[in-house]
Amino acid sequence: MTGSKVLKATGILALVGVAATAWLGLWVTPDAVGFPHGLVRLLYIHPPMAWVAFVAYGMAFLSSMLYLWPRTRHIRFDRMAGASAEVGVVFTGLTLATGSIWGRPTWGVWWTWDPLLTTTALLFVLYLGYLALRRVPGDPEVVARRSAIAALIAFVDVPVVYFSVSWWRSLHQAPTIDFTGRHLYVHGSMAWTLLLGFVSFTLAYAWLTAHRYRLAGLQDSEADEGLRYALDERRAEGLGPA
Amino acid sequence: MLRDAWLVAGKDLRIEARSRVALNQVVPFAAAVILLFGLALGPDRSVLAPASAGLFWIAVLLSCLLATQRSFAVESADGARDGLRLSGLDPAGIFLGKAGAVVAELLVLEALLALGVAVLYGAHLTGGLVLAAVCVTATVGLAAVGIIYGAVASGLRVKETLLPLLFLPVAAPVLLAATKAWDEALAGTPSGGLGWLSLLAVFAVVYVTIGIVAFGPLLEES
Amino acid sequence: MSGYIEAGYTIVLATLATYSISVLVREKAARRRLSVSAALGAEPATVSPVAGDAPSDAPADEGVLQ
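Taken in sequence, the protein lines are chains F, C and L.
Heads up: the first sequence begins at 1 in the working numbering, then just goes up one per residue.
Heads up: the second sequence begins at 1001 in the working numbering, then just goes up one per residue.
Heads up: the third sequence begins at 2001 in the working numbering, then just goes up one per residue.
No incorrect hints appear here.
Quick look at which bits of chain C chain F covers, simulated, 3 or more residues with Cβ under 8 Å:
#1 1141 to 1155
#2 1173 to 1183
#3 1208 to 1218
Here are some chain C residues pointing at chain F (derived, C-beta under 10 Å):
#4 THR1161
#5 PRO1164
#6 LEU1166
#7 PHE1167
#8 LEU1168
#9 PRO1169
#10 GLY1195
#11 VAL1202
For the record, the hints were derived by calculation from the structure and aren't laboratory data.
Even glycine gets a Cβ: it sits at the ideal position worked out from N, Cα and C.
Produce the complete structure using the sequences and hints provided.
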């Protein structure tokens, strides 16, 4: 199947890309002035993590909307939403972990109430709730519908959370921390490494989501199969004595 | 739609008037919460008074959870949910009615709670108009989210544990905005809270709209 | 370099690897169970679109990761 060939190629590219990013990031690129302990190296993985997380949630939202829209309603959009959200949660966790690791040597604390960091943390629990809701068993169509509505609520909350949190911080703390190093003059090998990081982690996201999506399809047909098997058994039982 | 909303809200409030669950259980619960905050933070009024807005809204948030859970517990008994679904009432009306009843209950609770905060934490309730406006808009938003998620989780065996996980992160901006607006009002600069008030209004409008649109499909299930 | 950088890269790479492997393993297990139940079932199973490319595909994908 061509589909799985493309998928395989994506997987290989993602693997090579991630490995190359790690190699370039850890050993090849120079240290940047103003970033103690060579912390600039975290820059090659942290923003791509955050980017992928937001892409994943956007994808989950889009799929949920396609599911809710009566003309495009199909269970595959529900599977897609679930797959993408789960991968998104993994990447959000990694965003928080790398952000925290960045914060410790930079500001001396593991956590700071930075608007981006706080929003990300809220997103993390928000989508953990969404995944928990998805895991509650039930009629597939019912599960899909309520999950789609939960995804809608969660996604609409994102800008509100971000806006309120950044407003909250700007009122109390004049110097906002430049989290992603926007003032850093990124050039040469550093720019390429950062770009490579974005591309290869996005590819990794696509590959992971595609496999997670397949797994969801398999699990669904497995459940159908189990149901059919149980029905056959009952039917055989009913026919037996007669 | 509005007539249906009125009917449903009246029904829920009548149930409340007869059973007094909110009055006998949710209000004492909220009182216990603010007492416990006092114990946790110590008797020092210079600590408690500045924190009173935040503690007040945490107590409201937790009470809102109980109120929405109660709002759907009423429907789950004796298959009342099916009756509601088959009643031919407009789903949007049902949503507005249930949310309206929760808002009414919570506003009463907030009035009592504000009194408690003033007495126990020594907060001076200045800027009364802004305080009241914040209460109304924040409560509308909270009740809307609570009723939508209540409908999402109702009928699930794990609803007691799932609803708080779904509700609290979404309600975080309400907690933030309402607390900040109250802080401003209590500090004697109520006009500083108007920006937060508009944020609360946006939140309320967004989630009431989602509820009106999404409640139909949600009721079909179970 | 300090320990922070290494920790960051290790956490990211290890988590992604673990997650990918778990997805692949579960996918493979699901395929195996499905093909077994399809073989046992009295009626021909109607899951062929997903199960069809199973034997050639799953192990190769796993190889990609390692």
